[in-house]
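Novice: Here is how the chains run, residue by residue.
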Amino acid sequence: MELLIQIIFVLISTLILGAAVMVVRTRNVIHSALWLIASFFGIGALYLLLEAEFLAIAQVLIYVGAISVLILFAIMLTHNVTSGEGHKFYQRWWLALLVSLMLFAVILVPTLVGQDWTITARPSEESAIAGAVEMGTAFMREYLLPFEIAAVLLLVALTGAIVIAYEERAQRRRILTLAQELALRKQQQQNHAEE
Amino acid sequence: MINAVPLSAVLTIAAALFCIGLFGAMSRRNAVSILMGVELMLNSVNINLVAFWRYLQPDLITGQVFAIFVITVAAAEAAVGLAMVIAIYRSRQTVYIDTVDSMKG
Amino acid sequence: MDDIVVQVLIMLVQVVVLVLAISTGFAYLTLFERRLLARMQNRVGPNRAGPGGFLQPAADAVKLFFKEDVIPTLVDRGVYLLAPALAVIPALLIWAVIPFGCLNIAGDYQACFADPATNPNLHNIFQLADIDIGVLYLLAITSIGVYGITLAGWASNSKYAMLGGIRASAQLISYELALSSAVLAAVMMAGTLSTHEVIYQQMTMWFVIPQLLGFVLFLISGTAELVRAPFDLVEAEQELTSGYNAEYGSMKFALFFMSEYIKMIAISAIAVTLYLGGWNAPGLELLGSLMTGMAGPLVGSIAVGLASFLVFLVKVVLILFLFVWMRASWPRVRYDKLMYMGWKWLLPLALLNVAMTAVFVVVLPDALIHSVALFVASLVVMAVAYVVSSRVKPAPSRSRIKMVQPEVPRRPSS
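Chains as they are written, first to last, in the working numbering: chain A, 1 to 195; chain B, 196 to 300; chain C, 301 to 714.
For reference, chain A alone in the conformation it holds in the complex (with noise of 0.2 Å):
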């Protein structure tokens, strides 16, 4: 039964983190997207193993379902096809994994010696672990304030989202005609190109 779940752990970490160093090394955007939908599943499983059910689920749904397609949107709405793609890293991305490696190194140094991690008493196998009603409890008791602050947040980000990407096509009274449109396009251009 452990080796079981040692070989699951083995093979759910190489997902998540070969799919994430896809996302980082893969040219097209879109394609780098979707491993990083791989990577989204790989921790939802990771989830599912460290038995947090509740929130393997809301991994699933809120970054599979909701913020990987608003990822694709994005890509596809800014998908610029003339201008070919030129380099996909800075100049100096070997700085970037310099840094990422050294601060890898810093972490993993205190995280394997010189803790053994067994701060409070380890309770049983058997003891209960907390799942979605005693979440649902904490949520309306203990972190009621928290909650509520986050739809504040969740409301302001919907409503700051639509504001900043609001095409300003959609507020004209008139629709135009393409040639027109292209005109006025091309003005806009030059206005940006005078300041």
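There are no misleading hints in this set.
Stretch by stretch, here's where chain B covers chain A in the computed footprint (C-beta under 8 Å, at least three residues):
| id | stretch |
| --- | --- |
| 1 | 1-14 |
| 2 | 29-35 |
| 3 | 43-55 |
| 4 | 147-155 |
For the record, the hints were derived by calculation from the structure and aren't laboratory data.
Remember, predicted model here, so these are calculated numbers, not experimental data.
Note that CB positions come from ideal geometry on N, CA and C, so glycine has one too.
Chain A is already provided as a structure; the job is to place chains B and C on it using the hints.
Specialist: Only chains B and C this time, still in chain A's reference frame:
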């Protein structure tokens, strides 16, 4: 799970994920790719929260609640961030953030 | 250790049988739909292959199998091949938590009808997994169904497919909100997220009565989620040839087709589980006690299992009939009207329904009284919504828009 896999293994996975995300956020030119890197970092934080909850205090719900709040913030961040990317694209026809540099002195 | 092996074997058999049954169900659903549509349109429908067209699905399958498998040159190969699988897999995954009957192999039919909180002695082989958060699982799996369509549209590298894919993803994520809010109200009535327990809570009264508004909203947004007529402008033939699957042929097209119909059965099954009492029907318990008295507990539980499966099937077919009826009755809606309806009518109504349910359940603790009150309130809300929506002029801002005539440069008259 908690008998078969040590906590430090889960923490190592999360740390590696964080660093991969950091590399992505620092090195890619495409604004959407940067956002993807940030999402990976937030997810690694969530893995840590859930792991600490499961291994150290499974009878309290705090770790999971925190993870839910992180997910909420990530959702808000993704929505606003992508809206900004779209707005920038609309006025500049580019999503490469090093070409959006008109504030440069 | 042997115990685990046996359990895994049982589960494997369940999964294989379930997938085969659903595929057969899908095949005959197409026949059902075509014959029914034909009747509604005064035609005959496919009746040549076999008695009454009974072999038509087999003929269709053979035809699709033997078509040439073309992959267009400029597609994004990996994603193009991945997309049909991504469409079918969620449609099949939905079935994991739906109880389509109650056959207790422990040999005690009463466990099906007992409170699941106090009576864990139930091994229902007509449900793959009874997890605590089954309803949430359903929503999560429904929400990942959008990828197959979106990616198919993008990977095909074609304008029509791309437009169809974009339309589909916008439509799916918009209607998902109304769908989840409608489901939320039913979950609030039941007080649990487990699908088996939701059915147990409906032993006395089906949720379709207190949640009438929720049921109607669920059906409408479910139809939109399935991208079926009248919301099928993802594949509007007149504008988009056939939308996201325009570049797909043979088996790959068949997979998209299959996922659409399997999802249709699944949405019907979810509607039955959440609103129509699932596999339960009055008289099942009596049947169980009669058969147990006559031939022992094992026969009793098998009889209850088969009868409950039959009841479930009948209810699902009724909802499927409704879907086909809708397709035959209404023309396709315009895209902006679809969005208008989803965001400005269905979502507010669903939220109102959630608030209404919460208030009534808390203020009137008696189950019968708050159910009746909710039923009346649902009727009132629907009547008001109907009157208001028929008074509102269609998209009033549009009247101020003037079409501008393009200035045609005059030709030199030479």
